[in-house]
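Chemist: Modelling step: build the complete structure from the supplied sequences, incorporating the hints.
Chain by chain, the residues run as shown.
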Amino acid sequence: MSGFFRVAWHVMRKDMTVEVRSREVLFTTLFFALSVVLVFSFAIVREGRAPDDVSAGILWVAISFAGTLAMGRTFERERYNDTLRALILAPADRPAVYVGKLLGLLLLLGLVEVVLLPLIGLLFTAPIFAFPLKLMALLAAGTLGFCAVGTLFAAMLVRVRSRDTLLPILLYPITIPVMIGGVRGTAALFQSTPDEPMATFWIGLLVFWDVVFLTLALWTFEPLMTE
Amino acid sequence: MRKLTTPFIAVSALMLLGAPWLINAAPYESTMGLVQKVFYFHFPSAILFLTSSILCGVHSFRFLFRKNQQADAWALASAELGLLFGAVTLVTGPLWARKAWGVWWVWDARLTMSLVLWMMFAAYLLLRKYGGPGSDRLGAGMALFGMANVPFIYVSVNVWRTLHPMTTVVPRLPTDMGIPLWYCFTAFTMLFIALLSLRANLEHQRLRVESLYLAEDEG
Amino acid sequence: MRQIRILTLLAAIVAVPTAGHAAQPQPPKEFVPVDTIPADEQIPAINLVAAAYGFVWVAMLGYVWSLARRLKTVESELHELESRRP
Numbered sequence: 001m002s003g004f005f006r007v008a009w010h011v012m013r014k015d016m017t018v019e020v021r022s023r024e025v026l027f028t029t030l031f032f033a034l035s036v037v038l039v040f041s042f043a044i045v046r047e048g049r050a051p052d053d054v055s056a057g058i059l060w061v062a063i064s065f066a067g068t069l070a071m072g073r074t075f076e077r078e079r080y081n082d083t084l085r086a087l088i089l090a091p092a093d094r095p096a097v098y099v100g101k102l103l104g105l106l107l108l109l110g111l112v113e114v115v116l117l118p119l120i121g122l123l124f125t126a127p128i129f130a131f132p133l134k135l136m137a138l139l140a141a142g143t144l145g146f147c148a149v150g151t152l153f154a155a156m157l158v159r160v161r162s163r164d165t166l167l168p169i170l171l172y173p174i175t176i177p178v179m180i181g182g183v184r185g186t187a188a189l190f191q192s193t194p195d196e197p198m199a200t201f202w203i204g205l206l207v208f209w210d211v212v213f214l215t216l217a218l219w220t221f222e223p224l225m226t227e
Numbered sequence: 228m229r230k231l232t233t234p235f236i237a238v239s240a241l242m243l244l245g246a247p248w249l250i251n252a253a254p255y256e257s258t259m260g261l262v263q264k265v266f267y268f269h270f271p272s273a274i275l276f277l278t279s280s281i282l283c284g285v286h287s288f289r290f291l292f293r294k295n296q297q298a299d300a301w302a303l304a305s306a307e308l309g310l311l312f313g314a315v316t317l318v319t320g321p322l323w324a325r326k327a328w329g330v331w332w333v334w335d336a337r338l339t340m341s342l343v344l345w346m347m348f349a350a351y352l353l354l355r356k357y358g359g360p361g362s363d364r365l366g367a368g369m370a371l372f373g374m375a376n377v378p379f380i381y382v383s384v385n386v387w388r389t390l391h392p393m394t395t396v397v398p399r400l401p402t403d404m405g406i407p408l409w410y411c412f413t414a415f416t417m418l419f420i421a422l423l424s425l426r427a428n429l430e431h432q433r434l435r436v437e438s439l440y441l442a443e444d445e446g
Numbered sequence: 447m448r449q450i451r452i453l454t455l456l457a458a459i460v461a462v463p464t465a466g467h468a469a470q471p472q473p474p475k476e477f478v479p480v481d482t483i484p485a486d487e488q489i490p491a492i493n494l495v496a497a498a499y500g501f502v503w504v505a506m507l508g509y510v511w512s513l514a515r516r517l518k519t520v521e522s523e524l525h526e527l528e529s530r531r532p
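Residue numbers (the numbering used here), protein chains in the order written: chain A, 1 to 227; chain B, 228 to 446; chain C, 447 to 532.
Simulated from the structure, these hints should not be mistaken for lab results. Some clues are possibly wrong.
To be verified - To spell it out: a stretch of chain C is covered by chain B in this simulated footprint if at least three of its residues, at any positions, have a beta carbon under 8 Å from a beta carbon of chain B; those stretches are: (1) 505-513; (2) 516-528.
Unchecked claim - Below 30 Å or equal to it, Euclidean Cα-Cα: the simulated DSSO-like pairs (lysine-lysine) are: (3) B:Lys-294 with B:Lys-356; (4) C:Lys-475 with B:Lys-326; (5) B:Lys-356 with C:Lys-518.
None of these values were measured; they are calculated from a predicted model. The beta-carbon is built from N, C-alpha and C at its ideal position, and this holds for glycine as well.
Modeler: Structure (structure tokens):
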């Protein structure tokens, strides 16, 4: 058991070390998320004001688009440097490699969200400090569910021909429940009369989805990554 | 199974030809009138849509975890039929809804999840077609996630307030509506089984062709 | 590892909260049959019903045709390959 988490930790540390040196994926993902927010704002804003309740939607769309990009990039880097085979051949529990990659991705997206959330609060006057714990729980649970599926699919697709277009095609339908939960929960907290019980309900459902997706991903990672 | 496909298709085609008369003879529904009669085709398609999702998931599981090569052909066949019956469900539903609810579409739980499930089938088939070698495994993995959605689609309409008729409607159906429904259901199910085995057979043949080509190249 | 995963999954299933009940129009719980309906109900709906049934027929026949075509191609290829084998 401890071996499992040690492997995961090492994989994550490797990713973080590479990232800290180049900061490539972090910066590109961050600025892509910002552009998404801008594009959607221009699309939706009318007479200088955005309609109510769009802030939650824009936040989660930015997270999902940026997340997809980040997933693609981290595995593309492995493929380019041919280190994926080394990872697979390593005498370690394959699901541990998956968890390590997942943790790295979560950390990356977490950093992106730390910048994104205040920006959303600023641009749309959204009350991001009203329910900080619940909001963080929503973001954490939603991002975890999204990344759990995404890490698996990105790893699966690394050797496939049309992987850049296939990743979003495969990922979005499956993670729509997570997106719905995230958006509805965040919207419940951002609306003019906040609906806390609703947000709590969505957090619970998101946690449930996270467990289902994580379990499925851990089960299928091994047979899918076997050459 | 192969011997049965032709009679199955013939019988179900005849049954479906006769269906309009039976459906016409059924009584109108009190609030929805004529348009409710779409139900006799919509309901069997929807059930077969969910069934094909479960089948696809089960066969994908067998292919991935039990290493059963034949199962992959059945998974692919189920996915194609899921796309077909899902399309029928998603088209007949809004045509009914336009009259019954006044709108073509609402974003309630069951409709949204059905659309999402249909898109998953489309994504699965795109992956199988354009993914290159190894996409049978990847598709199987994806199908398992898709199948996890199905119970939620079924239960969601009871848990969340929606416009869609509840699952209590069918068990409480009066007899003169029940007869055309189960008649159509039987016809569609026979068609489903026949098409499924035909499609799986097509896939088996195609794999045989591929292996013969490979043998030729090596020989 | 396996047992832990299964236990986690079960725990989460047990912990799922149920949705609140809000007052909203009830969806139909059962279909209520009648024999006749007012005349103004009938005509506009027939287009929708005809379109629905028509679509079903076109989709089913289209798929059967597509299957038949693909089966024919594969079977002729198979026949050719098998006759070429020594």
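Chemist: Need the list of violated hint numbers for this structure, in ascending order.
Modeler: none
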